[in-house]
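Participant: Given next are the chains, with one letter for each unit.
2 protein chains.
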Amino acid sequence: MYYIGIDVGGMSIKAGIFDEKGKLLLKDSVRTLPERHYSEIVADMAELTKRIAEKAGVGTDEITGVGMGIPGTINSKTGMITYANNINFEKVPVVKEFQKHLDVPVYINNDANAAALGEAEFGSGNGSKDVVFVTLGTGVGTGIITDGVLLEGKCGAGAEGGHMTIRMGGEKCTCGKRGCWEAYASASALMRQTKKAMKADPSSLMHEEAAKEGKISGRTAFNAMRRGDRTAKRVTDNYIKYVAEGIINMVNLFRPDCVLIGGGISNEGDWLMAKIQRRVNRFSFGGHRNPKVYVRKAVLGNDAGMYGAAALAMKKIR
Amino acid sequence: MYYIGIDVGGMSIKAGIFDEKGKLLLKDSVRTLPERHYSEIVADMAELTKRIAEKAGVGTDEITGVGMGIPGTINSKTGMITYANNINFEKVPVVKEFQKHLDVPVYINNDANAAALGEAEFGSGNGSKDVVFVTLGTGVGTGIITDGVLLEGKCGAGAEGGHMTIRMGGEKCTCGKRGCWEAYASASALMRQTKKAMKADPSSLMHEEAAKEGKISGRTAFNAMRRGDRTAKRVTDNYIKYVAEGIINMVNLFRPDCVLIGGGISNEGDWLMAKIQRRVNRFSFGGHRNPKVYVRKAVLGNDAGMYGAAALAMKKIR
Chain Y
228 MYYIGIDVGG
238 MSIKAGIFDE
248 KGKLLLKDSV
258 RTLPERHYSE
268 IVADMAELTK
278 RIAEKAGVGT
288 DEITGVGMGI
298 PGTINSKTGM
308 ITYANNINFE
318 KVPVVKEFQK
328 HLDVPVYINN
338 DANAAALGEA
348 EFGSGNGSKD
358 VVFVTLGTGV
368 GTGIITDGVL
378 LEGKCGAGAE
388 GGHMTIRMGG
398 EKCTCGKRGC
408 WEAYASASAL
418 MRQTKKAMKA
428 DPSSLMHEEA
438 AKEGKISGRT
448 AFNAMRRGDR
458 TAKRVTDNYI
468 KYVAEGIINM
478 VNLFRPDCVL
488 IGGGISNEGD
498 WLMAKIQRRV
508 NRFSFGGHRN
518 PKVYVRKAVL
528 GNDAGMYGAA
538 ALAMKKIR
Chain W
228 MYYIGIDVGG
238 MSIKAGIFDE
248 KGKLLLKDSV
258 RTLPERHYSE
268 IVADMAELTK
278 RIAEKAGVGT
288 DEITGVGMGI
298 PGTINSKTGM
308 ITYANNINFE
318 KVPVVKEFQK
328 HLDVPVYINN
338 DANAAALGEA
348 EFGSGNGSKD
358 VVFVTLGTGV
368 GTGIITDGVL
378 LEGKCGAGAE
388 GGHMTIRMGG
398 EKCTCGKRGC
408 WEAYASASAL
418 MRQTKKAMKA
428 DPSSLMHEEA
438 AKEGKISGRT
448 AFNAMRRGDR
458 TAKRVTDNYI
468 KYVAEGIINM
478 VNLFRPDCVL
488 IGGGISNEGD
498 WLMAKIQRRV
508 NRFSFGGHRN
518 PKVYVRKAVL
528 GNDAGMYGAA
538 ALAMKKIR
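Just so you know, the sequences run in chain order Y and W.
This note's numbering runs 227 ahead of the 1-based position in the first sequence.
This note's numbering runs 227 ahead of the 1-based position in the second sequence.
Simulated from the structure, these hints should not be mistaken for lab results.
Where hints are given, some of them may not hold.
[Claimed, not checked] Only pairs whose alpha carbons sit at most 25 Å apart, straight line, appear in this in silico SDA-like list of lysine to any residue: (1) W:K543 x Y:D374; (2) W:K423 x Y:A501; (3) Y:K399 x W:T365; (4) W:K542 x Y:R405; (5) Y:K439 x Y:E317; (6) W:K356 x Y:V376; (7) Y:K399 x W:K543; (8) W:K468 x Y:E398; (9) W:K399 x Y:E440; (10) Y:K282 x Y:E262; (11) W:K468 x Y:G396; (12) Y:K468 x W:G396; (13) W:K460 x Y:R405; (14) W:K423 x Y:M395; (15) Y:K502 x W:E398; (16) Y:K318 x W:K422; (17) W:K442 x W:G396; (18) Y:K304 x Y:E317; (19) W:K323 x Y:K439; (20) W:K519 x Y:G249; (21) Y:K519 x Y:K543; (22) Y:K543 x Y:G364; (23) Y:K542 x Y:K502.
[What the hints assert, rightly or not] Pairwise CB distance ranges, derived in the manner of DEER restraints: (24) W:V526 x Y:H328: 46 to 54 Å; (25) Y:R461 x W:L260: 50 to 58 Å; (26) W:R419 x Y:R258: 13 to 21 Å; (27) W:E262 x Y:K399: 23 to 31 Å; (28) Y:G514 x W:L260: 23 to 31 Å.
Here the structure is a predicted model, which means the values were calculated and not measured.
Yeah, the Cβ is synthetic: ideal placement off N, Cα and C, and Gly gets one too.
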C-alpha cells in the first residue's frame with residue numbers, strides 16, 4: 228500500500244510517494260505554469276505521479292490513494308475546486324479529471340488544511356487530534372483539526388482564520404475588510420511595518436540590514452533587533468503581539484493541544500515561540516484553570532502540504 | 228422513551244421533560260441558591276427531575292437519559308465541572324453525584340453549547356448540522372456545531388468566541404484581556420456605550436427613555452433611536468457593527484449554514500438581523516463566491532438551554 232501526496236502551488240506542483248506508515252520514499256516536482264487550461268495542469272499531475280511511482284519501484288496498481296492540497300476554496304466532498312486564486316482554477320472537477328489518467332481514489336482539500344494535517348500527523352503535532360496550524364507567509368493561513376477531524380466549513384469555505392478581525396477599522400486587507408489578522412501578522416505585513424519604521428528612523432540598523440540583503444524582507448527587523456537596534460525591537464515586539472493576538476483567539480475558540488507555526492517567520496526560532504507562548508499563557512481564557520496549549524514551530528517546512536495530502540488519502544478524508 | 232433537559236443557571240435551575248421526538252411535555256424550576264454545597268444543589272436537580280416526571284405521568288424507569296447545560300468549563304467526557312463561575316462549582320463530579328439519586332445515563336455540557344444544540348435541533352436552525360449560536364447577554368456566549376458535532380475544545384475549554392479580540396488594545400474585558408468581542412457586543416457593553424453617549428449629549432432622548440424605564444438598559448438606545456434621536460442612532464449603529472464584526476469572524480472560521488442570535492438584544496427584531504446580514508454578506512471572506520450564511524433570530528428564548536440539554540441525552544453527546 229502506497230500513497231501519493233500532491234501539493235499544488237502557484238509556482239510548482241510537488242508530489243511525494245509514501246509507504247503506509249507515512250514514510251516519504253521519494254519526491255519530485257514540476258512547474259505549474261498556471262495560465263494553462265486545467266486539463267493540461269492535471270495531466271502533468273498524473274504524469275508526475277506515475278514518474279515518482281516508477282522511480283520508487285512501485286506499480287500504479289499498488290497506489291492505494293492520491294491526496295491533493297490546493298490553495299483556495301475546495302469542496303472535498305464533491306471533488307471540485309470552487310476557486311483557486313493563484314492558479315486561475317474556477318469550478319474545476321479536479322478529481323474526475325485526474326482519474327481520466329489514473330484510476331485511483333483521489334482526496335482533495337485546501338492546501339492549508341492539508342499542511343495542518345501533515346504537521347499534526349507527521350510533524351510537530353506528534354499525532355495529536357486537536358491542532359491549530361498557522362502559516363505566516365504572504366498571507367496568514369490557518370488549518371484546524373478538532374477531535375481528529377479537519378474543520379472545513381460549508382463547501383470548504385471555513386478555516387479562514389487569517390481573516391478574523393483583530394483590530395476593527397484598522398489596516399485594509401486584500402479580502403476587502405479592515406483589521407484582519409493577516410493584515411498585521413503576515414510576512415508581508417511585517418515588511419510593511421519594517422518599511423514604515425525605517426522611514427521614520429533613518430539611523431536604524433534596519434537600513435544596513437536591508438542593504439545587505441538587497442531588499443526589505445521578513446528578516447530585516449529581526450536581524451537589526453538582534454544587533455541591538457531599538458526601533459527594530461519595537462517593530463518585532465509589536466509584530467509578535469499581533470501574531471500572538473490571533474493565536475489567542477484561536478486558542479479561545481478551539482482550545483487545541485498545540486498551535487503549530489509554519490512559514491518563513493517561524494525560522495526566527497525557539498525564542499519567538501517562547502515569546503508567543505508567554506502571551507498565550509497569560510491572555511487566553513480561563514488562565515491557569517484551563518489546559519495549557521503548547522506553541523511550537525512546525526518542522527516539516529515546505530513538505531507539510533505534501534505529507535498532509537498523503538494523509539488525506541491514508542485517512543480517507545472527504 | 229423520555230428525556231430530561233436541565234438548564235443550570237446562577238439564579239434558577241430549570242428542567243423539562245421531552246418525548247423522543249423532542250416535544251416538551253412539561254417544565255418546572257427551582258431556585259439555585261448557589262452558595263450551598265454542590266451536593267445539596269444536585270439533590271435539588273434530582274428532586275426536580277422526579278417531580279416533573281411524576282407530573283407528566285412518566286415513571287423514572289421510562290427516563291432514557293438526562294442532559295444538563297451548566298455555565299463554565301465542563302468536561303463532558305469525564306462528567307466533571309472544571310469550574311462554573313456563577314455557581315461556585317469547582318471540580319465537581321456532577322454526573323456521579325446526580326446518579327446517587329437517579330440511576331440513568333447523564334450527559335453534561337456547557338450551557339451555551341447546550342443552547343446552541345437546542346436552537347440548531349429544535350429552534351431556528353431547523354435541524355442544520357452547521358450552526359453558530361451567539362448569545363448577546365451579560366456576556367457574549369458562543370456555541371458551535373460543525374458537521375453535527377459540538378465544538379468543545381480540550382476539556383471543554385473551547386468555543387469562547389466572546390473572548391476573541393476584535394479591537395486590539397481596546398476596552399478591558401472581565402477575562403483580563405483587552406478588546407474582546409464581549410467587551411463591545413454584550414448587552415452590558417451596549418449599556419456602557421449608551422451611558423457614555425448620554426453623558427456627552429444631555430439633550431438626547433435616551434435620558435427620557437431611561438427615566439421611563441427607571442434605568443439604563445439594552446433597550447434605551449434602541450428605543451430613543453426609533454424616536455429619531457441621532458445620538459442614539461450613532462450608539463445603535465456602532466453596536467450593530469461590533470456585533471457583526473464578531474459574527475463575520477465566526478463565519479470566516481466556521482462557514483456554517485446559519486448564525487443564530489439569542490439573548491435580550493435579539494428581541495430588537497428582524498431589522499436588526501437584516502442589518503447584521505448585510506454586513507456579513509459584504510465583509511465575510513470570498514464574498515458572493517462562498518456559500519451564503521443566514522443570520523437569524525433564535526426562537527427558543529430562555530428554553531434553548533433546556534431543549535439542548537435534552538438533545539445531549541437524545542444524541543448521547545459526551
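Participant: Hints first: check each against the structure and report whether it holds.
Facilitator: Verification of the hints:
Distance hint between K543 of chain W and D374 of chain Y is fulfilled; the C-alpha atoms sit about 17 Å from each other, no more than 25 Å. Of the pairs offered as hints, the one joining K423 of chain W and A501 of chain Y is violated, with about 40 Å between alpha carbons and a cut-off of 25 Å exceeded. Taking the CA atoms of K399 of chain Y and T365 of chain W, the gap is about 32 Å. The hint is violated against a cut of 25 Å. Taking the CA atoms of K542 of chain W and R405 of chain Y, the gap is about 40 Å. The hint is violated against a cut of 25 Å.
Restraint check: the Cα-Cα separation between K439 of chain Y and E317 of chain Y comes to about 41 Å, which exceeds 25 Å; the hinted pair is violated. Under the criterion of a C-alpha separation no larger than 25 Å, the hint pairing K356 of chain W with V376 of chain Y is consistent with the structure, at around 15 Å. A C-alpha spacing of about 45 Å is found between K399 of chain Y and K543 of chain W, which places the hinted pair above 25 Å, so the restraint is violated. A hinted pair counts as satisfied when its Cα atoms are at most 25 Å apart, and K468 of chain W with E398 of chain Y qualifies at roughly 17 Å.
Simply put, K399 of chain W and E440 of chain Y have alpha-carbon atoms about 41 Å apart, too far for the 25 Å limit, and the pair is violated. Restraint check for K282 of chain Y and E262 of chain Y: not satisfied, since their Cα atoms lie roughly 29 Å apart, outside the 25 Å limit. The suggested pairing of K468 of chain W with G396 of chain Y holds, with an alpha-carbon distance near 10 Å, which does not exceed 25 Å. Only pairs whose Cα atoms come within 25 Å are accepted, and K468 of chain Y paired with G396 of chain W is accepted, the gap being roughly 10 Å.
Pair hint K460 of chain W plus R405 of chain Y holds up; C-alpha atoms about 23 Å apart against a cutoff of 25 Å. A hinted pair counts as satisfied when its Cα atoms are at most 25 Å apart, and K423 of chain W with M395 of chain Y qualifies at roughly 20 Å. With a C-alpha separation of about 24 Å, the suggested pair K502 of chain Y and E398 of chain W falls inside the 25 Å cut-off, and the hint holds. Pair hint K318 of chain Y plus K422 of chain W does not hold up; C-alpha atoms about 51 Å apart against a cutoff of 25 Å.
With a C-alpha separation of about 30 Å, the suggested pair K442 of chain W and G396 of chain W falls outside the 25 Å cut-off, and the hint is violated. Only pairs whose Cα atoms come within 25 Å are accepted, and K304 of chain Y paired with E317 of chain Y is accepted, the gap being roughly 16 Å. The suggested pairing of K323 of chain W with K439 of chain Y is violated, with an alpha-carbon distance near 67 Å, which exceeds 25 Å. At most 25 Å may separate the alpha-carbon atoms for a hinted pair to count; K519 of chain W and G249 of chain Y exceed this at roughly 38 Å.
For the proposed pair K519 of chain Y and K543 of chain Y, the alpha carbon gap of about 31 Å is over 25 Å, so the pair is violated. Taken as a hint, the K543 of chain Y and G364 of chain Y pair is broken in the structure, with Cα atoms around 28 Å apart against an allowance of 25 Å. Taking the CA atoms of K542 of chain Y and K502 of chain Y, the gap is about 35 Å. The hint is violated against a cut of 25 Å. About 51 Å separates the C-beta atoms of V526 of chain W and H328 of chain Y, a value consistent with the hinted range of 46 to 54 Å.
For the hinted restraint 50 to 58 Å between R461 of chain Y and L260 of chain W, the CB-CB distance of approximately 53 Å keeps it satisfied. In this structure the hint that R419 of chain W and R258 of chain Y lie 13 to 21 Å apart at CB is violated, the actual value being about 57 Å. The beta-carbon spacing between E262 of chain W and K399 of chain Y, approximately 51 Å, falls outside the hinted interval of 23 to 31 Å. The hinted window of 23 to 31 Å between G514 of chain Y and L260 of chain W holds, with their beta carbons roughly 28 Å apart.
Checked against the numbered hints above, the structure breaks hints 2, 3, 4, 5, 7, 9, 10, 16, 17, 19, 20, 21, 22, 23, 26, 27 and satisfies the rest.
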